[in-house]
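S.K.: Residues per chain, in single letters:
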Amino acid sequence: MDLKELRRQRRSRFTGSLIPYVGYIIQSGVAMVFLLVLIMFSAWYTALLRDIPAGIPIRWIMLLLLIPAAVHSSFRTYLQTPDTIFLLPQGHRMREYFAPSWVSGNVWKILRLAFILITIWPLYIRTDESPKGLLATLLVLILVKLLSSYGLWRETAMLSRPAASGYNLLRWAVGTLMVAAWVWQPSIRALIFIVILAAAYAAALSVPGRHSVPWERLITMEKNQGTRALMVLGWFVDVPGREQRVYARRYLSKWGSGITWQRNSAYRFLLTKSFARGDIFGIVLRIAVLDLFLVWMTRGSYLGSGIYVFFLFLMGIQLTALRKLHSESFWLTVYPLPEGSKGKGTIQFVFRAHLVLALLTGLPLLLELGDRPLPALGTYACGFLLAYLFRVSSTRKEARVDEDDL
Amino acid sequence: MNTAPVLQITGLSGGYSLNKPVLHDIGLQVQPGEMVGLIGLNGAGKSTTMKHILGLMSPHKGEITVQGKTRGSDPESYHSALSFVPESPLLYEELTVREHVEFTARAYGVERSDYESRTSQLAALFNMEDKMDTLSSHLSKGMKQKVMIMCAFVARPALYVIDEPFLGLDPLGIRSLLDFMLDLKKSGASILLSSHILSTIENYCDRFIVLHRGMVIAEGTLAEMTAKAGLQGLNLEQLFYELVQGGK
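For the record, the sequence lines run as chains U and E. Numbered by full-length UniProt numbering, the letters in the first sequence go through residues 1 to 406 in order. Numbered by full-length UniProt numbering, the letters in the second sequence go through residues 1 to 248 in order.
Derived from the structure by calculation, the hints contain no laboratory data. Heads up, the beta-carbon is just placed ideally off N, CA and C, and yes, glycines get one too. A couple of the hints might just be wrong.
So the derived label-pair ranges between C-beta atoms look like this [claimed, not checked]:
1) U:I19 with E:M215: 40 to 46 Å
2) E:H196 with U:P82: 21 to 27 Å
3) E:E76 with U:T176: 53 to 59 Å
4) U:W172 with E:D179: 52 to 58 Å
5) E:K61 with U:A381: 56 to 62 Å
6) U:P162 with E:S113: 39 to 45 Å
7) U:A229 with E:H196: 38 to 44 Å
8) E:E76 with U:T298: 50 to 56 Å
9) U:R249 with E:G68: 43 to 49 Å
Using the sequences and the hints given, assemble the complete structure.
M.R.: Right, dumping it as C-alpha cells:
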C-alpha cells in the first residue's frame with residue numbers, strides 16, 4: 001500500500017470539496033468587507049509608521065503577535081475512523097503517511113509567521129532601541145515553530161491525557177520564554193538561553209509513555225480540523241451542516257435550563273446548550289475579550305469606534321454560523337417541533353447574543369461620555385444597528401430557505 | 001375491542017430510487033395496545049418501512065396514517081403521535097443524558113412535572129442514574145442506546161417504532177426494556193418492533209409481520225402463521241427459517 005499516495009488522494013478530495021465554494025467566497029459580501037478592512041488597516045498602518053507615537057510598547061506588541069504564530073501548531077492527517085481497522089496493520093509504516101502532514105503543517109505556518117513578522121518589522125525597527133536583525137529573528141522564530149510542532153506531535157501520542165494537557169501548557173510557556181528572551185535580551189545571551197531551554201524541553205518530551213500511532217486521538221484531531229475548515233468556509237457561504245468540537249464547560253451547564261417550557265422553545269434549548277459547549281462560543285469569547293481590550297485602549301479616538309464596529313461584525317459572522325448548526329439533524333425531522341420554530345429560535349438567539357456583545361464590548365466607550373458624548377453614543381448606536389442588520393439578513397436568508405423547501 | 005388502528009399502511013411501495021423500489025405493496029396495521037414484531041432478513045425492507053413511517057422517505061405509492069392522520073395533512077400531529085428508537089444511537093455530542101431527555105420532552109410538549117417523574121423512573125429502570133449529567137460522547141454504545149430508549153419513552157405517544165433495540169444492551173437492559181414495553185402496551189400504547197432476536201420477541205409480541213424482499217410474506221400470531229403454512233408446532237425462529245427458505 002502506497003501510504004503517501006493515499007494521503008495525497010485524501011487531501012485532493014478534501015481540497016476538491018472546497019473548490020465549488022471559491023466563486024461564492026469571492027462574490028460574498030463578507031469577502032468584500034474583509035478586503036475593505038485590509039485596505040483601511042493598510043492606510044492606518046502607513047499613517048502610523050509616518051508618525052509613530054512615543055513610548056509605544058513595541059516589545060510587548062511583538063510578543064503578543066509572534067507567540068501565537070510561533071507556538072500554535074496543527075496537522076491535517078485526513079485520517080478516518082475506519083483507518084483503525086484498515087490501516088492498523090500498516091502502523092509500523094505510518095511515518096510515510098504522516099511525513100507530508102508534518103511538512104505541509106509547518107510550511108504553511110512558517111509562511112504565516114513570516115508574514116506577521118514582516119508586517120510588524122517596519123514598526124519594530126523604527127521604535128526599538130536595539131533592534132535585532134530580520135533574518136536572525138526569523139530563524140529563531142522558525143526554531144520555536146519547529147520545536148512547538150514537535151512538542152504537539154509528542155503530546156498527541158502521550159498515553160496520559162492529563163500529562164498531554166500539562167505538556168501543552170509547558171509548550172506555550174517554553175515558546176513564550178524563548179520569544180521573550182530573543183526580543184528583550186542581547187542576541188548571544190538570548191541564543192544560549194534558547195538552546196538550553198530547547199534541549200531541556202526536548203528531554204522532558206521524551207519522558208512520558210506514548211502510543212506508536214495514537215489512532216483515536218489523531219482521528220479526533222482530524223475531525224476537529226476538518227470542522228474548523230468548514231467553519232471558516234461558513235463565514236462566506238452556506239455550507240452543509242457540520243458537527244462541532246464539544247467542550248464540557250461545566251460552569252455553563254445550567255445555561256438554557258431556564259428557557260420557557262414550551263414546544264416553541266424546544267429548539268432554543270438545544271441551540272443554547274450547543275452554543276454553550278461548542279467552539280463558536282470560545283471563538284466569540286476570545287474576540288470579545290480582545291475587542292474589549294482594544295476598545296478600552298483606543299476609546300478616546302475614532303479608531304476605537306472602528307475597532308468596536310469591526311469586531312462586532314466579526315462576532316456577528318461567527319454567531320450567524322449557528323444557523324447551520326444541526327441543519328441536518330435526524331431528530332429535528334422526527335420530533336414534532338412547531339413549523340418554523342428552529343429558524344425563528346436561531347435568529348432570536350443570535351440577535352440577543354449579538355446585542356449583549358454590543359453592549360458589553362462597548363462599555364469602555366461609556367468612560368468617554370463626559371468628553372466625547374456624541375461619538376461614544378453614536379458608536380454604541382452603530383453597534384446596535386449592526387446587530388439589527390445581521391438579524392434582517394438572517395431573516396431574509398431563512399425566508400429564502402423556506403421558499404426553497406416548498 | 002379494536003377501534004381504528006394507530007398505524008395503518010396501505011399499498012406502500014417505496015425506496016431510494018423510483019426505478020428500483022425496495023418495498024412492494026406493503027400493507028400492515030398496528031392496533032391500540034398491540035405489540036407487533038416486524039421481522040425479516042437483512043435488506044428485507046424493515047428499516048426502509050420504518051423510514052417511510054417516520055417521514056424520512058416519501059412513498060412512491062400508498063398511504064401511511066398514524067392515528068388517522070397522514071404526514072402531509074398534519075405533520076405536527078403525525079409526529080407527535082409517534083416516537084422512534086433507531087438501530088444505532090443518534091445523539092447530540094453537546095448534550096448530557098438528562099438534556100437529551102429534556103429536549104425530547106420539550107419537543108413533544110410533555111408537562112414539566114411528568115418529564116421529571118418519568119425521567120427518574122427511566123433512569124432507575126435502565127440503571128443510568130449516575131450517568132444523567134454525563135455528555136453523550138462519554139457513554140458506551142449500550143448506554144447511548146439506553147438514552148435513545150429513554151428519549152422515546154419520556155414522550156408517551158400513541159405509537160412506538162423501535163428498530164433493533166437490543167443491540168448493545170446488556171441482559172439487564174434487555175429485560176428492563178421488554179418489561180417496560182409490556183407496561184406501555186398494557187396502558188394502551190402500540191409498538192412496532194423490529195428485531196433479529198426472534199426467540200426473545202416470540203414471547204412478547206402479539207403479532208408478527210414477516211418481510212422478505214420488500215414484500216409481506218406472512219402475518220398474524222405465531223399460531224396463525226404456522227397454521228397457514230401447515231407447519232404447526234414450530235417456534236418463531238424455525239417458522240421464519242422455513243418461510244424465507246421457501247421464498248427463495
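S.K.: None of the hints should be skipped; say for each whether it holds.
M.R.: Here is how each hint holds up against the structure:
1. U:I19 with E:M215: 40 to 46 Å: Between U:I19 and E:M215, where Cβ atoms are some 45 Å apart, the hint holds.
2. E:H196 with U:P82: 21 to 27 Å: Holds: the Cβ-Cβ distance is about 24 Å, inside 21 to 27 Å.
3. E:E76 with U:T176: 53 to 59 Å: With Cβ atoms ~56 Å apart, the hint holds.
4. U:W172 with E:D179: 52 to 58 Å: The hinted range 52 to 58 Å holds for U:W172 and E:D179, with Cβ atoms some 54 Å apart.
5. E:K61 with U:A381: 56 to 62 Å: holds (60 Å)
6. U:P162 with E:S113: 39 to 45 Å: holds (42 Å)
7. U:A229 with E:H196: 38 to 44 Å: This hint holds: roughly 40 Å between Cβ atoms.
8. E:E76 with U:T298: 50 to 56 Å: holds (52 Å)
9. U:R249 with E:G68: 43 to 49 Å: holds (45 Å)
Violated hints: none; the structure is consistent with every hint.
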